[in-house]
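Q: Read off the chains here:
Protein chains: 2
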Amino acid sequence: MKATITDVAKQAGVSMKTVSRVLNNEPNVAKATRDRVMEVAASLQYRPNLAARGLASSKSYLIALLYDNASASYITNIQRGAIEACRRNGYHLLLEPMPYEQANSPEAEILLGRLGVDGVILTPPLSDSVVLRDILRRLDMRHVAVAPNKMDDVHAVRMDDAEAAFQMTTYLIEQGHRDIGFILGHPNHGATASRRLGFEKALNEAGIKLNEDWISAGDFSFRSGVQAAEHLLSNPDNRPTAIFASNDDMAAGVMSVAGRLGISVPEALSVCGFDDTPIAQIIWPQLTTVAQPIHKMGFKAASILISRDNPDDPKICTLDFELIIRESTLGGPLLK
Amino acid sequence: MKATITDVAKQAGVSMKTVSRVLNNEPNVAKATRDRVMEVAASLQYRPNLAARGLASSKSYLIALLYDNASASYITNIQRGAIEACRRNGYHLLLEPMPYEQANSPEAEILLGRLGVDGVILTPPLSDSVVLRDILRRLDMRHVAVAPNKMDDVHAVRMDDAEAAFQMTTYLIEQGHRDIGFILGHPNHGATASRRLGFEKALNEAGIKLNEDWISAGDFSFRSGVQAAEHLLSNPDNRPTAIFASNDDMAAGVMSVAGRLGISVPEALSVCGFDDTPIAQIIWPQLTTVAQPIHKMGFKAASILISRDNPDDPKICTLDFELIIRESTLGGPLLK
DNA sequence: GCAATTATTGACAGCGCTGTCAGTCTGCAT
DNA sequence: ATGCAGACTGACAGCGCTGTCAATAATTGC
Numbered sequence: 001m002k003a004t005i006t007d008v009a010k011q012a013g014v015s016m017k018t019v020s021r022v023l024n025n026e027p028n029v030a031k032a033t034r035d036r037v038m039e040v041a042a043s044l045q046y047r048p049n050l051a052a053r054g055l056a057s058s059k060s061y062l063i064a065l066l067y068d069n070a071s072a073s074y075i076t077n078i079q080r081g082a083i084e085a086c087r088r089n090g091y092h093l094l095l096e097p098m099p100y101e102q103a104n105s106p107e108a109e110i111l112l113g114r115l116g117v118d119g120v121i122l123t124p125p126l127s128d129s130v131v132l133r134d135i136l137r138r139l140d141m142r143h144v145a146v147a148p149n150k151m152d153d154v155h156a157v158r159m160d161d162a163e164a165a166f167q168m169t170t171y172l173i174e175q176g177h178r179d180i181g182f183i184l185g186h187p188n189h190g191a192t193a194s195r196r197l198g199f200e201k202a203l204n205e206a207g208i209k210l211n212e213d214w215i216s217a218g219d220f221s222f223r224s225g226v227q228a229a230e231h232l233l234s235n236p237d238n239r240p241t242a243i244f245a246s247n248d249d250m251a252a253g254v255m256s257v258a259g260r261l262g263i264s265v266p267e268a269l270s271v272c273g274f275d276d277t278p279i280a281q282i283i284w285p286q287l288t289t290v291a292q293p294i295h296k297m298g299f300k301a302a303s304i305l306i307s308r309d310n311p312d313d314p315k316i317c318t319l320d321f322e323l324i325i326r327e328s329t330l331g332g333p334l335l336k
Numbered sequence: 001m002k003a004t005i006t007d008v009a010k011q012a013g014v015s016m017k018t019v020s021r022v023l024n025n026e027p028n029v030a031k032a033t034r035d036r037v038m039e040v041a042a043s044l045q046y047r048p049n050l051a052a053r054g055l056a057s058s059k060s061y062l063i064a065l066l067y068d069n070a071s072a073s074y075i076t077n078i079q080r081g082a083i084e085a086c087r088r089n090g091y092h093l094l095l096e097p098m099p100y101e102q103a104n105s106p107e108a109e110i111l112l113g114r115l116g117v118d119g120v121i122l123t124p125p126l127s128d129s130v131v132l133r134d135i136l137r138r139l140d141m142r143h144v145a146v147a148p149n150k151m152d153d154v155h156a157v158r159m160d161d162a163e164a165a166f167q168m169t170t171y172l173i174e175q176g177h178r179d180i181g182f183i184l185g186h187p188n189h190g191a192t193a194s195r196r197l198g199f200e201k202a203l204n205e206a207g208i209k210l211n212e213d214w215i216s217a218g219d220f221s222f223r224s225g226v227q228a229a230e231h232l233l234s235n236p237d238n239r240p241t242a243i244f245a246s247n248d249d250m251a252a253g254v255m256s257v258a259g260r261l262g263i264s265v266p267e268a269l270s271v272c273g274f275d276d277t278p279i280a281q282i283i284w285p286q287l288t289t290v291a292q293p294i295h296k297m298g299f300k301a302a303s304i305l306i307s308r309d310n311p312d313d314p315k316i317c318t319l320d321f322e323l324i325i326r327e328s329t330l331g332g333p334l335l336k
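Going down the list, the sequences are from chains A and B.
Following full-length UniProt numbering, the residues of the first sequence are numbered contiguously, the last one being 336.
Following full-length UniProt numbering, the residues of the second sequence are numbered contiguously, the last one being 336.
Hints are computed from structural coordinates only; laboratory data are not their basis.
There's no promise every hint is true.
In this list, chains with the same sequence are indistinguishable; a pair is considered to hold if it fits within one copy or across any two.
Straight-line alpha carbon distances no greater than 16 Å define the calculated EDC-like cross-link-like pairs of lysine to aspartate or glutamate that follow [claimed, not checked]: (1) K2 - E109; (2) K201 - E174; (3) K2 - D118; (4) K2 - D179.
All chains, please: the whole structure from these sequences, using the hints.
A: Below, the structure is given as structure tokens:
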């Protein structure tokens, strides 16, 4: 038989309400009372019923993570962070994958409407869907976007992708590279544009003319990195000396093609990626890349949803990135 | 203003209970009534309140996924499968990471006690924790283990790890290998023992004497694969001609060491892994490995929890695996 | 010492839904 | 016509908790 609040109340000789107050850490309970209630609750192995609590307080203590992301390592990192924040506040994390295309369809509204959570975390590329954010607003659901681009009307947790790409490119230039190829990410992702922007800005500031031919399409997948690399490296007489891929998977694709073509990395070709996924350390040579505080972003996002203070003024939280220099770029022209 | 069942009932001119019946697909409702209620519900944009429903029916429509798994790709695959099953039945998936060590501590009981879900999915290595399963039983929580080893007292979804390892090893032997190294998985995982068993059985049946020196410890991490490989390949005069790593990450570690030592794969060394994670296709040469139906396992596990029929006789569901032969083993002694 | 606060507690009414059970209404065999 | 199973429907209580508000006790200031 499961113990209820009533049981605890009787046993402790107080009212249900007082037990409730103790259990929710509300103020204005005498220390002695509080202790007694806690003790009884423990001895009875009392466990609050989430559903009842939710019904009475019209809170669900649930946060949903909405995502459509091919990268397992990205999504599990976000999850870890978000769950950490949830745990600290008695919340739980619900998983809701949603294909990007579906985000713009009526299905999305139905799914979300049924959800009944206290908040929603949006990850790229869903965080870039205006339609989805409209639905959320219409449904009056609190939400925070994990997104690279700025949006003033929404709570957001972000990282300065453009600046990171700028710094990485600048680093390559400092290594003596002037012929730098760039592989774009998936067009649905806001990060794709931001990273490109940073790349081009760096070239620009260094007075290097942009070679449009050396900006190659991609979609964040290993395979697309392979294709892009095949294109970029196709002409033996006119190759970039460095390739900056918009993520690590594609960078791994580049390295694989380089290997096959007998182009040694980093001696003949520097390669760098973005995200610092586990693969960056598994491939050889290890990959220079940008580390994102993904875990922290998940944490922050959930924390914003849980904290009830001034829920109306949208807060934007920008976290730091870090350039991780590894072997794959330690062979620039300057070293020769 | 959110519509409730009462609103729908009024509008449709029926009782709340009838609306409830329609919404839950219960029998014994006239088609005309059903249609009318559906229509009104749609027009009012009615969305059931999970908490209320849960409170009244003492079901939560929530399933928790308990895990402690370093492999992002494994866990996201399980998640995908489980969510698919949940979606089909109006359930949602809760994420609950739990370190293996914690599973044996009182904390686990507290965490689980508070959970209030209708079922719990256990993934390796948690599925191997007897303590954890005891807690679950004591708490009277339905659960199903995703686990390689047999347990008669629990619902389980499994794959025959031993048989898979047996077949893979046999395949290597058929390629002409007689000197085969083996890298163990993490000792906490039941799969580790099963895979070893299959490996040894295959050697045995082929009449090959087991060389204990060539069974090397590991923990499923890339790094441990590197260490194991350094050990296995340390003696140039006496090396295995094939290495079977208990998972893909470690196999990648082997390939990386082989590359560094100038041992070409697969010409001088065949390598195979287990799991068919994305990395198997990213490294070069691509990895021969065992594909597990991880997605399907998640699906099955959630389905078992959701289906209420004969909940007492534990069902064990064994799914098929598949040997995936890729380049990394296409160079056995027989080919020379 | 007495009024004005403030701290502490409890009674009670639901939150929105479903389970129970009793009722009405059909069709069909007698 | 009469009875009866089965299909259909509704009244009602209550799931376990919290919000509201009123009641009482403790504390303060003068």
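Q: A separate judgement is required for each hint: does it hold in the structure or not?
A: To see whether the hints hold, each was checked on the structure:
1. Proximity of K2 and E109 under a CA criterion of 16 Å is satisfied inter-copy only: 15 Å between copies versus 37 Å inside one chain copy.
2. Taking CA atoms no more than 16 Å apart as the test, K201 paired with E174 passes inside one copy only; the shortest distance there is 15 Å, against 57 Å between copies.
3. Only between protomers do K2 and D118 lie at most 16 Å apart by alpha-carbon distance; the minimum there is 15 Å, versus 27 Å within a single protomer.
4. Taking the shortest Cα distances, K2 and D179 never come within 16 Å of each other, neither inside one copy (70 Å) nor across copies (59 Å).
Hint 4 from the earlier list is the only one contradicted by this structure; the remaining hints agree with it.
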